[in-house]
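Protein chains in written order, with our numbering: chain W, 12 to 201; chain U, 12 to 201.
Keep in mind that the hints were calculated from the coordinates and are not lab data.
Any given hint might turn out to be false.
No copy labels: a pair is met if it fits in one copy or bridges any two.
Unchecked claim - In silico BS3-like links for lysine-lysine, alpha-carbon gap of 25 Å or less:
#1 K122 with K18
#2 K91 with K32
#3 K21 with K91
#4 K92 with K32
Protein chains: 2
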Amino acid sequence: MKALEDKILKEGVVLPGNILKVTSFLNHRLDVDFLMEMGKEIARLFETEKPTKILTVETSGIAIAMAAAADMHLPVVFAKKHKSHNISGETLSAVVHSYTHGVDYTIVVNKEYISPDDRVLIVDDFLANGKALEGLIDIVGQAGAEVIGCSCAIEKGFQQGGDKLREKGIKVESLAIVESMSDDSLTFRK
Amino acid sequence: MKALEDKILKEGVVLPGNILKVTSFLNHRLDVDFLMEMGKEIARLFETEKPTKILTVETSGIAIAMAAAADMHLPVVFAKKHKSHNISGETLSAVVHSYTHGVDYTIVVNKEYISPDDRVLIVDDFLANGKALEGLIDIVGQAGAEVIGCSCAIEKGFQQGGDKLREKGIKVESLAIVESMSDDSLTFRK
Numbered sequence: 012m013k014a015l016e017d018k019i020l021k022e023g024v025v026l027p028g029n030i031l032k033v034t035s036f037l038n039h040r041l042d043v044d045f046l047m048e049m050g051k052e053i054a055r056l057f058e059t060e061k062p063t064k065i066l067t068v069e070t071s072g073i074a075i076a077m078a079a080a081a082d083m084h085l086p087v088v089f090a091k092k093h094k095s096h097n098i099s100g101e102t103l104s105a106v107v108h109s110y111t112h113g114v115d116y117t118i119v120v121n122k123e124y125i126s127p128d129d130r131v132l133i134v135d136d137f138l139a140n141g142k143a144l145e146g147l148i149d150i151v152g153q154a155g156a157e158v159i160g161c162s163c164a165i166e167k168g169f170q171q172g173g174d175k176l177r178e179k180g181i182k183v184e185s186l187a188i189v190e191s192m193s194d195d196s197l198t199f200r201k
Numbered sequence: 012m013k014a015l016e017d018k019i020l021k022e023g024v025v026l027p028g029n030i031l032k033v034t035s036f037l038n039h040r041l042d043v044d045f046l047m048e049m050g051k052e053i054a055r056l057f058e059t060e061k062p063t064k065i066l067t068v069e070t071s072g073i074a075i076a077m078a079a080a081a082d083m084h085l086p087v088v089f090a091k092k093h094k095s096h097n098i099s100g101e102t103l104s105a106v107v108h109s110y111t112h113g114v115d116y117t118i119v120v121n122k123e124y125i126s127p128d129d130r131v132l133i134v135d136d137f138l139a140n141g142k143a144l145e146g147l148i149d150i151v152g153q154a155g156a157e158v159i160g161c162s163c164a165i166e167k168g169f170q171q172g173g174d175k176l177r178e179k180g181i182k183v184e185s186l187a188i189v190e191s192m193s194d195d196s197l198t199f200r201k
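I would like the entire structure built from these sequences, with the hints used as guidance.
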């Protein structure tokens, strides 16, 4: 999505540790009109797969998931993050390692919100090593439902998480794929 | 909003400690089409105040704030919650006491995302004792901007937070105001 690449070049800030800061439109301030355009693009990319539900994870995934869901008239379920592994009740959960924060956390979804006949589109803001998406895919599997694809706003192509999922045959569409980045340059995958 | 009252009666679950669980459409699963209708209603209620920005707090405020913002074509800023009081950098912050969890936390907004000429509409999912809204109002004040009003999806009228803000002259519009609730009955303010 050319408009997103332009926006990243204009507003993104590269920080040490391969962090791409896009708090001006995606992670703290939300450029809602622009997010709705991104949602429309995700809807276009996955229209033929006929998803019945969008799954994301709190916090930053909610806005982009909601934008896509608004265009597709679908419900969203957002997994909750828990530091504790003690989750009670009828839940589905997976342990995810956070590359950014260097810790493990558990993501949790109430069992009743994903049913075996769901065709789930997984949406998130960032895709780096793919650990969060793997956790969400695991949860969909536990529910006996089908993952019809994954869509992220920004993929860090150089961290290979997206390509590993594609190699497994999962349809992964990111709206912008950063191929390399440093203090003074940022390139996108063609 | 009659449709919201009906939905609360149909899907809401009252738990001990005055907790109203609406995870089926607002706090875990998001009924996005319905949220967009709620957003439209918030837009209608605050149209004449001409807000320039919507401020909310993560996590559950994001979806309803985004729905209102989509209709009004405004940006959203969501305050971040920190357990630590050590926030560095150019930030605005306020300490908020959580009634539900019985702890204090700090909410933080980057200074650059609220400017003195902003007319801020504060949006959140729940309004109970009003502590979260007070913290957000404090932050808007620190930025030198104006709060033009507050809108919440569900207000617990019996916890008085909304009425205290109204007594201060702040326009507070909740889409549904629960006047009383117990295991087997739930009434709304007329």
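Hint check:
Proximity of K122 and K18 under a CA criterion of 25 Å is satisfied inter-copy only: 21 Å between copies versus 38 Å inside one chain copy. Taking the shortest Cα distances, K91 and K32 sit within 25 Å of each other both inside one copy (23 Å) and across copies (15 Å). Taking the shortest Cα distances, K21 and K91 sit within 25 Å of each other only across copies (24 Å), while inside one copy they are farther apart (32 Å). Proximity of K92 to K32 under the C-alpha cut-off of 25 Å is found in both arrangements, the shortest distances being 21 Å within a copy and 18 Å between copies.
The earlier numbered hints are all upheld by this structure, with none contradicted.
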